[in-house]
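There are 2 protein chains.
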Amino acid sequence: MAKDKKMVESITSMSEDFAQWYTDVVKKAELCDYASVKGCMVIKPAGYAIWEKIQKELDRRFKETGVENVYMPIFIPESLLQKEKDHVEGFAPEVAWVTHGGLEPLQERMCVRPTSETLFCDFYAKDIHSYRDLPRVYNQWCSVVRWEKTTRPFLRSREFLWQEGHTAHATAEEAEARTQQMLNLYADFCEEVLAIPVVRGQKTDKEKFAGAEATYTIEALMHDGKALQSGTSHNFGDGFAKAFEIQYAAKDNSLQYVHQTSWGMSTRIIGALIMVHGDDNGLVLPPKIAPVQIMIVPVQQQKEGVLEKAQELKERLMKAGFSVKVDDSDKSPGWKFADCEMRGIPLRVEIGPKDMEKNQAVLVRRDNHEKTFISLDELEEKTGEMLDTIQKALYDKAKAHVEAHTYEAAEWDEFVDTINNKPGFVKAMWCGCKECEEKIKEVTGATSRCMPFKQEQLSDKCVCCGKPAKKMVYWGRAY
Amino acid sequence: MAKDKKMVESITSMSEDFAQWYTDVVKKAELCDYASVKGCMVIKPAGYAIWEKIQKELDRRFKETGVENVYMPIFIPESLLQKEKDHVEGFAPEVAWVTHGGLEPLQERMCVRPTSETLFCDFYAKDIHSYRDLPRVYNQWCSVVRWEKTTRPFLRSREFLWQEGHTAHATAEEAEARTQQMLNLYADFCEEVLAIPVVRGQKTDKEKFAGAEATYTIEALMHDGKALQSGTSHNFGDGFAKAFEIQYAAKDNSLQYVHQTSWGMSTRIIGALIMVHGDDNGLVLPPKIAPVQIMIVPVQQQKEGVLEKAQELKERLMKAGFSVKVDDSDKSPGWKFADCEMRGIPLRVEIGPKDMEKNQAVLVRRDNHEKTFISLDELEEKTGEMLDTIQKALYDKAKAHVEAHTYEAAEWDEFVDTINNKPGFVKAMWCGCKECEEKIKEVTGATSRCMPFKQEQLSDKCVCCGKPAKKMVYWGRAY
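These protein sequence lines map, in sequence, to chains Z and E.
Offset between the first sequence (1-based) and the numbering used here: plus 16.
Offset between the second sequence (1-based) and the numbering used here: plus 16.
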């Protein structure tokens, strides 16, 4: 097998060069590729199938909370983008501008949406009249464009896929509840489905979304100790409503402004999946998000009955609700094993003539390479149990990694030393000043990831300026 | 009820003004709305839910034939669009051009994709090396932009949603088989799911897709006798492969060009659904595509137990696999009945205190307003049968409409008279010359819709020029 294994092109090891390892995995697992269009991705079948599973599961969870899907135009006229002051400042420098339609110049240029708050607001201003029209809980699945200078597959690209929810409510309380509800939905999805533990918290004013009153975030820790913002939920209060004049007649006939939220998760999360679970053999996918959960590899497939047996097992497993493939290509078993591993398929089932004699198969876990011999009489039951075990093991391993790489620092020197020498989250107290955040970023490269909902009182003074502390913050370098 | 009915805003009747009727239905059934962005739509929840059902069913059928989903960039650099001569001529006049990224002008302008042949070709040229890499059967769900001058909701808008399949094959035969397979898939979907009968055939050279060797189409007939092209499938031969140098090493090691196809269906088909099945009370949706199949309307809902009973019926019907809602709003039953009809919900279930006494409910069909009393013991069975009956009745009615509005003409005067006075398809023989097609369009406004696969020999000479006929063609005015 060692010899065969080389037939699958090797990837850089994580410890040698994490960035190169990431690029290698993306490429060799055939998740995506660069396009001729600078900074844009081609998402290949293996990558898109993961996104489809993410969409399906998130969409189901959204709809359970009353979300309705809609579709808004791809273009935003410049005058519309400019209606909310903070918002335009945040986005105007990074949008793509359309100036010509067909052979004619446009009277007003339009940008390709970087996000659709302004379009939803424009629509809500016409569509909402009375308290009976509220709440509006709309979402759309689409692509957005942000003109980034440096790009990396999934993590930062000029176009990416996402969903963006935009809601309008009668009261501030209801908007706040929806903002938190969606953040928790994202967090539960990451933990239960993607097996990625996250820290739930609020962004500081410096890091919040352009135009928001409050931004909540979930932050995940990658294998290299860098953080990745994995989903955000914003409460806009009535700021956009005032800019766009979105008013409704209340029960007492008074005119009131609506309160709004927005929330999004993008293909970036596929980058998190890769960097949280992957290893030196390639991608590792949790069973609940793997497009192919089980790969059956026939051994000595030229022998009579082996391929037929492999097909029979496939049909049994599919009937039991798993997604299964048989690798009946003309490659060697060793090549197939390595290929399965590169693609992150959670469980491999090996079946050969000797196994058939003994009425058994071999199960091999992707996460820890553990082999188990099972009787074919228990095929469905044992594979199901094994997939559950893998899902849990991946979460536990990732959770242990976060815990082992979350530090505390009370003093400035200790803080700087930790950031510089121990990749991970650093918990430290903060006075609430933008100046301290800026100094920390300048000196260490770390940013405030969030003020976690679960606050702790590590000390009573700011780790940076020593003034009285207001909040405990998770700090870290981030993607 | 007559009085209550007025509470639901009335719509223009079809016979009075079909175009206005269409606009009214789109608006009152809340399918879509105009956006501030000229020529673009806001697809509202009721419209988007139909699109989601179309997507789900088409995607399932695609995947059964081996289709894999991917995602290509939204932008096409100008030089890429220009690689295939016919293609650029067809599309360049109607694209939106991006000239600036952020604050900087681009070195090369890019258009927002009007269709993605060039992007797939560019990708395939890098990605396909050997016969082992073939076939490639990729599809993407996305939005495209075409800078139309006049627009109508769903039928013609500057941005629309669609899927576009793009395949590459080793042989011409395989490409041709895939082109026909996908056309038949679209036709079966329209007939089985949307209850829309279609004519399957080939486009003339004048009407085929820019860059294609052959374009196949399905043509549906709207209630007003105008045709709507409802899905197309193109065989490109090796034309694009030569322009983009997409070659593979064959088994004998010779370098060969691939043969390609593309095929698409768009949100336009929602326009067809409206115009084939709708009536003067609003939208009529076939049960297999209706996001809500059954609306339960409680009568005298203030009476004890009525709302509870309605909820109980809803749960029973949902458990049986139907999509069901209860209208428990504070509107009158008459208002609710009219509202259900406007939205095209296939079946209404009425339940009141008297029905409860008799252990019965009233089923009312949307398509023909027929009422049936059923015992609650048979609720699931009878509603299921009724939905099947409605699905079939809608198809039969539409089929009868096509048959009643399909004419034949052997002579020029008869042809012109039929086109001018009898809205529908006119079958007539054609010599194969572009000049005759142009003359017919100029004189009658009708275009060649397709050369149907089922050819008939109506006469031996062209209806226009009298020269020997080559093909029987369906002619008609079209959307």
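Hints in this document: simulated from the structure, not taken from any laboratory.
Incorrect hints may have been included.
Identical chains share a label here; the pair holds if one copy fits it or two copies do between them.
The calculated lysine-lysine pairs, modelled on PhoX-like cross-linking and capped at a C-alpha distance of 25 angstroms, are [said to hold, decoys possible]: (1) 69 with 455; (2) 398 with 258; (3) 387 with 457; (4) 142 with 330; (5) 72 with 341; (6) 79 with 43; (7) 267 with 347; (8) 99 with 54; (9) 224 with 330; (10) 330 with 438; (11) 341 with 79; (12) 450 with 242; (13) 370 with 387; (14) 142 with 477; (15) 341 with 370; (16) 477 with 455; (17) 222 with 450; (18) 387 with 486; (19) 72 with 335; (20) 304 with 69; (21) 72 with 470; (22) 319 with 242; (23) 242 with 483; (24) 165 with 415; (25) 413 with 370; (26) 347 with 142; (27) 455 with 413; (28) 69 with 54.
Hints, verified against the model:
no.: 1; hint: 69 with 455; in the structure: neither (41 angstroms within a copy, 52 angstroms between copies)
no.: 2; hint: 398 with 258; in the structure: neither (59 angstroms within a copy, 52 angstroms between copies)
no.: 3; hint: 387 with 457; in the structure: neither (47 angstroms within a copy, 71 angstroms between copies)
no.: 4; hint: 142 with 330; in the structure: neither (54 angstroms within a copy, 33 angstroms between copies)
no.: 5; hint: 72 with 341; in the structure: both (21 angstroms within a copy, 22 angstroms between copies)
no.: 6; hint: 79 with 43; in the structure: between (34 angstroms within a copy, 24 angstroms between copies)
no.: 7; hint: 267 with 347; in the structure: between (71 angstroms within a copy, 17 angstroms between copies)
no.: 8; hint: 99 with 54; in the structure: between (30 angstroms within a copy, 18 angstroms between copies)
no.: 9; hint: 224 with 330; in the structure: neither (49 angstroms within a copy, 43 angstroms between copies)
no.: 10; hint: 330 with 438; in the structure: neither (46 angstroms within a copy, 57 angstroms between copies)
no.: 11; hint: 341 with 79; in the structure: between (31 angstroms within a copy, 14 angstroms between copies)
no.: 12; hint: 450 with 242; in the structure: within (22 angstroms within a copy, 64 angstroms between copies)
no.: 13; hint: 370 with 387; in the structure: within (16 angstroms within a copy, 66 angstroms between copies)
no.: 14; hint: 142 with 477; in the structure: neither (49 angstroms within a copy, 58 angstroms between copies)
no.: 15; hint: 341 with 370; in the structure: within (21 angstroms within a copy, 56 angstroms between copies)
no.: 16; hint: 477 with 455; in the structure: within (16 angstroms within a copy, 86 angstroms between copies)
no.: 17; hint: 222 with 450; in the structure: within (7 angstroms within a copy, 65 angstroms between copies)
no.: 18; hint: 387 with 486; in the structure: neither (52 angstroms within a copy, 68 angstroms between copies)
no.: 19; hint: 72 with 335; in the structure: both (21 angstroms within a copy, 21 angstroms between copies)
no.: 20; hint: 304 with 69; in the structure: both (9 angstroms within a copy, 24 angstroms between copies)
no.: 21; hint: 72 with 470; in the structure: neither (30 angstroms within a copy, 41 angstroms between copies)
no.: 22; hint: 319 with 242; in the structure: neither (49 angstroms within a copy, 62 angstroms between copies)
no.: 23; hint: 242 with 483; in the structure: neither (28 angstroms within a copy, 76 angstroms between copies)
no.: 24; hint: 165 with 415; in the structure: neither (33 angstroms within a copy, 56 angstroms between copies)
no.: 25; hint: 413 with 370; in the structure: neither (35 angstroms within a copy, 62 angstroms between copies)
no.: 26; hint: 347 with 142; in the structure: between (61 angstroms within a copy, 23 angstroms between copies)
no.: 27; hint: 455 with 413; in the structure: neither (34 angstroms within a copy, 74 angstroms between copies)
no.: 28; hint: 69 with 54; in the structure: neither (27 angstroms within a copy, 35 angstroms between copies)
Of the numbered hints listed earlier, those contradicted by the structure are 1, 2, 3, 4, 9, 10, 14, 18, 21, 22, 23, 24, 25, 27 and 28.
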